[in-house]
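Enquirer: As they're listed, the protein sequences go chains A and B.
Counting in this note's numbering, the first sequence runs from 382 upward without gaps.
Counting in this note's numbering, the second sequence runs from 382 upward without gaps.
Hint data in this document are derived by calculation from the structure and do not stem from the laboratory.
Keep in mind the model is a prediction, meaning the values are calculated, not measured.
Careful, some of the hints might be misleading.
Since the list can't tell identical chains apart, any single copy or any two copies may satisfy a pair.
[Unchecked claim] Capping the alpha-carbon separation at 20 Å, the derived lysine to any residue pairs in SDA-like fashion look like this:
1. 867 / 930
2. 397 / 813
3. 804 / 545
4. 804 / 889
5. 781 / 771
6. 728 / 895
7. 867 / 929
8. 804 / 550
Number of protein chains: 2
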Amino acid sequence: MNAPTLNASIPVDQIKAEPRPGGRKVYQAGQLFPDIRVPFREVALHPTANEPPVTLYDPSGPYTDPTADIDIARGLPRLRDAWIEARGDVQPVPGREVRPEDNGRVSDAARVPQFPSLPPVRRARAGARPTQLAYARAGIVTPEMEFVAIRENLRREQSAPCVRDGESWGASIPDFVTPEFVRQEVARGRAVIPANINHPELEPMAIGRNFLVKINANIGNSAVTSSVAEEVEKMVWATRWGADTVMDLSTGRNIHNIREWIIRNSPVPIGTVPIYQALEKVGGVAEDLTFDIFADTLIEQAEQGVDYFTIHAGVRLPFIPMTANRVTGIVSRGGSIMAKWCLAHHKENFLYERFDEICEIMAAYDVSFSLGDGLRPGSIADANDEAQFAELRTLGELTKIAWARDCQVMIEGPGHVAMHKIKANMDEQLRHCGEAPFYTLGPLTTDIAPGYDHITSAIGAAMIGWFGTAMLCYVTPKEHLGLPDKQDVKDGVIAYKIAAHAADLAKGHPAARLHDDALSRARFEFRWEDQFNLGLDPETARQYHDETLPKEAHKTAHFCSMCGPKFCSMKISQDIRDAARGEGAAAASEAEAGMREMAEKFREAGGEVAVRV
Amino acid sequence: MNAPTLNASIPVDQIKAEPRPGGRKVYQAGQLFPDIRVPFREVALHPTANEPPVTLYDPSGPYTDPTADIDIARGLPRLRDAWIEARGDVQPVPGREVRPEDNGRVSDAARVPQFPSLPPVRRARAGARPTQLAYARAGIVTPEMEFVAIRENLRREQSAPCVRDGESWGASIPDFVTPEFVRQEVARGRAVIPANINHPELEPMAIGRNFLVKINANIGNSAVTSSVAEEVEKMVWATRWGADTVMDLSTGRNIHNIREWIIRNSPVPIGTVPIYQALEKVGGVAEDLTFDIFADTLIEQAEQGVDYFTIHAGVRLPFIPMTANRVTGIVSRGGSIMAKWCLAHHKENFLYERFDEICEIMAAYDVSFSLGDGLRPGSIADANDEAQFAELRTLGELTKIAWARDCQVMIEGPGHVAMHKIKANMDEQLRHCGEAPFYTLGPLTTDIAPGYDHITSAIGAAMIGWFGTAMLCYVTPKEHLGLPDKQDVKDGVIAYKIAAHAADLAKGHPAARLHDDALSRARFEFRWEDQFNLGLDPETARQYHDETLPKEAHKTAHFCSMCGPKFCSMKISQDIRDAARGEGAAAASEAEAGMREMAEKFREAGGEVAVRV
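This is chain A alone, in the form it adopts within the complex (with noise of 0.2 Å):
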C-alpha cells in the first residue's frame, strides 16, 4: 500500500470549502436524533428530465460545503462531543505526554508546529467499554447508528421504488436500513462504525457486508518532509474524489504531530498501522520491538483518536516457514516486520500472545480492529497458499477474542489472486471470521502491468466486493513503483469507486441502479450535463467531451462526436421508440400487425427528417 506525495508546500490557510461542481451539498435531519445532520451531494436534473434530484453518497466532509467556514488550525466541528458524553462512560484523563521518540527525533528546526489547540483527551471509565459494539449488544441505537441508516438510504424514499435485481451471495441487504438494523449488525459483527472516541469529528459511515461498499484510501508523508498543511490536503483530496476513510501510513519524523492535524481535521475514519511508528521508536531494529513499546504508540495513537489499527496478530512464528518457497515471500511491511522479529528471538508474536491486552486498550477509545494480513500474496504465484490461509483462520480466532471483549473487528485480505481463486478468499473468510467485515488489498488480477496496477486490481476488487467484501483499500498506477501524487489518488480513488459501484449493482443493492438509470436516461436523452454531473468525476468527462464537440450547442445537440448526426443511433433509436410507442405495449406481441401500422406512423413521425438533422 503505497502513501502519496504531493508537490508544492501549502500553507495552513490556503485549504477552504471548494465545492464539487454540478451538485450541491445537502444534509438530512435525525428523527431519533434531530441534532444530526447527514451530508449528501445533490444532483439537480435538466427540467426536461422529469426526474426528481439524484443523492449520492459524499464522504467529503464540510470541505465541499460552500457555507463551511475552513480553518485547520481550529480543526473540524466536534459533533460527536456531545453524543459521546450524553453516554456518561467516558472521562478526560491526562494523557500521554508527547515524546521526542513520537517524532523520529526531529531536530526543533524541522519540526512541524503541534495542532494549536489540542482537545481534551477522553478514556473509558474504569470497567467501561464505550464502543459502539456494546452498545449495540445492550440494545443501544446511537446517533451514530441512525446517522449510518440515513446515510446508507441515499434519500430513497424521494426516489422511484428500488430494483432488486442481482446475486448477494447470502447477504442481506434490505429494502431500506433502520437505525434498529445497523444495531443488529454492529451487535452480530457483521459491520464496524469506526469511531475513536476521541475523534469527534467525524461524520460515522458503517462498514459491513450489508451496507454499500466502501473504499480506502492511504496516504502519508513523503521522505521530504511535508507542510502539516500538505497532509491534510491529501486527505482532503482524496476524500473530495470519494475515499470513505483514509489510512496514515507515514513513518519518519514528525508522524504524531501531522497525526493530529490530519485527525483533527477529518471528516472520515482514520486508520494506521502503529507497528510502523513502533519500530521507529526503537531505531528500525525490528529485534528491538517489545510489547511495551507497541502498547505504549497505540495508547499514544488512541488517545489522539485513530479510528482502527491494522495489526498483524496473525503471523504466527509456525507460519513463517510456510513463506520460504514462495515467489514473493513475504509483501506486508508490518508482517515481515513481525516475522523478523520472531525469528529472531524464535518466539511466538507478541500481537497474538498478549491480544487480550491489546483489546483493553482498543476497547477503552473503540479503536475498531482491522487484524492484518501480514502473509497476504505478493505474486499470483502464491495465491491462497498454506501460509495465506493459516493466517486468515487464526484471525477468525482473535476476532472471538476481540468481541467478548466488545472490540469492532474487521479482517485484511488479499493482495495478488486470479479471477479463479478470488471467491476462495471470501468463502474461507466467511468460513472462519463469522462474517466480521473483509477489507482486501484489491486483489491484483495479473502481475504483469506495473503501471497500471490501478486496474489490475480493480477487476479484482469490483469481483471480491461483489462476493462480499465491505471495503476495498485502493490501489494508485504507482503502486510497485514509487510513490503517488495528487493525479494517482485520485486515479486510484476513482478506479476504486467503479469498483465499489459494480459490486454494489452485482450484490443487488437497491441504491445502487438508481444512479446507473438516471446516467443512463440522460445519456439517452442527450441531456450532456447531466451525464457529466451524475458521472464519478464531471470535470474529466466534461472536459472529454469538449475537445470533440466545443461549441456549448453541442451540449444540447441531439447526437454526439463519435456518430454524428447522420449516424446517431440513439436519435434513430428514440423515433423507433416514439413509433414503438404508438403502438402502446401490444405492439411486442402482435409483432406483425403492429408493425404495418408502426412503419406508417413511423413515416408521419418524420423519421426521413430526423436522419438528415
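Following the hints, complete the assembly by docking chain B onto the known chain A.
Expert: Same frame as chain A, but now just chain B:
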C-alpha cells in the same frame, strides 16, 4: 465503439521501424512450412536471474523490427502470396472499378492519393471456397494454421514445464498447441483465422476459446480529413501496444482510398462494418439502402482485403418493438440503421433474408463473419433482455447457415452488463451459437463513470474472457464522450491486454503464468530493469519509478521507494527465506525444533545488518 483521431498530419515517409525498448524481435521458423517466420518479443533477463529469456506474444509486425525496411507507399511484404497461390483455388479477377461514392464523393482537391501499387485482386475459382474452414474440414493443415500454432505456444518448449492452474468453464485448452489442433478447432468452428485472400500481408492469428484471449482496437478517420499516413499510424500505434486485430470504422470521404493504405500496411486482420459505407452511398438515408448496394460494398471491401465484416443480420423486424421500453433503446449504429430500414419499409431485415447470398460473397474471399449484436444493451438497465437474447438466438441460426457455406464466424456480444449478469451472456452464446468464438465489447459493469469506461469495461471484459469470450473489443476513456486520441488508444489497449491476460490466467492457459512468475521473481529480487521490461508498458513503469528514485543506482538497490531501506518487506522476507532454506523442507513440518535453529542461523545471516542498510 469510437474511432480514434490523431493530431498532427504525418508525412508518408515518417513511419519507420521503431523497436520497443527492453526486448528484441525474434522469429521462429515452421517445421511443416519452413518458410514461415513467427514473430515474438523476447525479453532477456539480468544475468543474476539465471533464467532463459521470456518470450511474449507480439502482434506489432515489422514496425518493431529494427531490420525492417518500412515504406507505407510500398506496403508490407506479401508473405502469404505463395501460400495462397499454392492452393490453386483462387484466380486473378479484374476487380471492381472504384466509384466516386466509394470515397464519399470527395472533391479532387480533398481526395487522398490512391495507394501507388495496387495489387492484383483475387477471387475464388468457380465452385471453390478458399476459406480456412473449408481447408480444415478437408483435413488440410495450412501454413496459416502452423503459424498460429507456433504463435500460441510462445516458445514454451524453451521454458520450465507449464503450470496448469485454473477454471476453464469447459474449454479444452491443450498443454501445447499443434498445427493439427488448430485445424481441428477451425474445422469445428470453435476458432477463426481471419485472413482474406486479398490481405496476404497479415501475420496469421487465431480467435477461439481454446487459444489466448485476443483484443481488438477500433480506429477511424477523423471528421477533418486525415492524411493517409495518419490513418496508417493509428493502426501501427494500436498494434504496437498489443491490439491483435483492428477495426476501421471510418466514415465519410476518402474511406475507400484510406482503407487501401491501411490494409496494405497492416500485419493484423482488419475488420469493418460495411453498412456504414453502404449508408454513405445512399446519402445517409437508411430507408434508401438496398441489398444490391450492400452486396456491392461487400465486394468492394473484400477485394481490398478486409478480413472480417460486422453484419447486423440478427436485427429482425419482430425484435424491434422489444426495444421500445428500454432505457437506452438501440445503441448499435449498424443495428439502429437496419432497425430504421425495417420500420420504414415494414419489411424483414434484408441482411437476414438474403443471408445466403452474403455467405457466397464472404466465402469467395475468406472474409470471416462477425455477426453483429445490433440489439446489445446500452445501459445496465437493458442487459440480458428479451431483445438482446432474441437476436443472439438468431445469430445462432445464421452461424449454422454460414458454416454450411464454409464461412468462418464470430459472434458479437455486449455492451453494458452488471457483473452478476455476465456469465449468462457467455452461457447463452455457447448454448445457441455452437461454440463459435464470442467477441464482446467490454462489457461495461456500470454506467456511472464517463471518462473511465476503459476501467468499467475492463472489469467485465476480464470476467467474460475468463468465461470463454475469445476476443475483447477495447473501450477507451473517451467512450460516450468523444473521439479517442493517441493516449486514449494506448490506455484502451493496455487496459484490455490486462483483461485478456487476467482471463488467460483464470482459465489456466498454460502460457499465461510464465509471464507473471517471471515478473514477480524480478520484483522480489529487485531486478528493476527486468520488472520494467516484462511489464506491458516498460516506458511508463520506468518513468513512474524514476519520479521517486531517479538515480541509476536505485535500479539495483535492494529496496524501493514505498518502504525505503528500513522497512523493506521484500528484503526482510528474503532474509527469512535464507534462514528457512537453511532448514530445508523440514522446517515447515518440524516447526518447533526447526525454529530455534532458524533463529540462530538468522542472526548469523546478519539479519540485523539487513534492516540497518
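Enquirer: Of the numbered hints stated earlier in the document, which are not met by this structure?
Expert: 2 and 6
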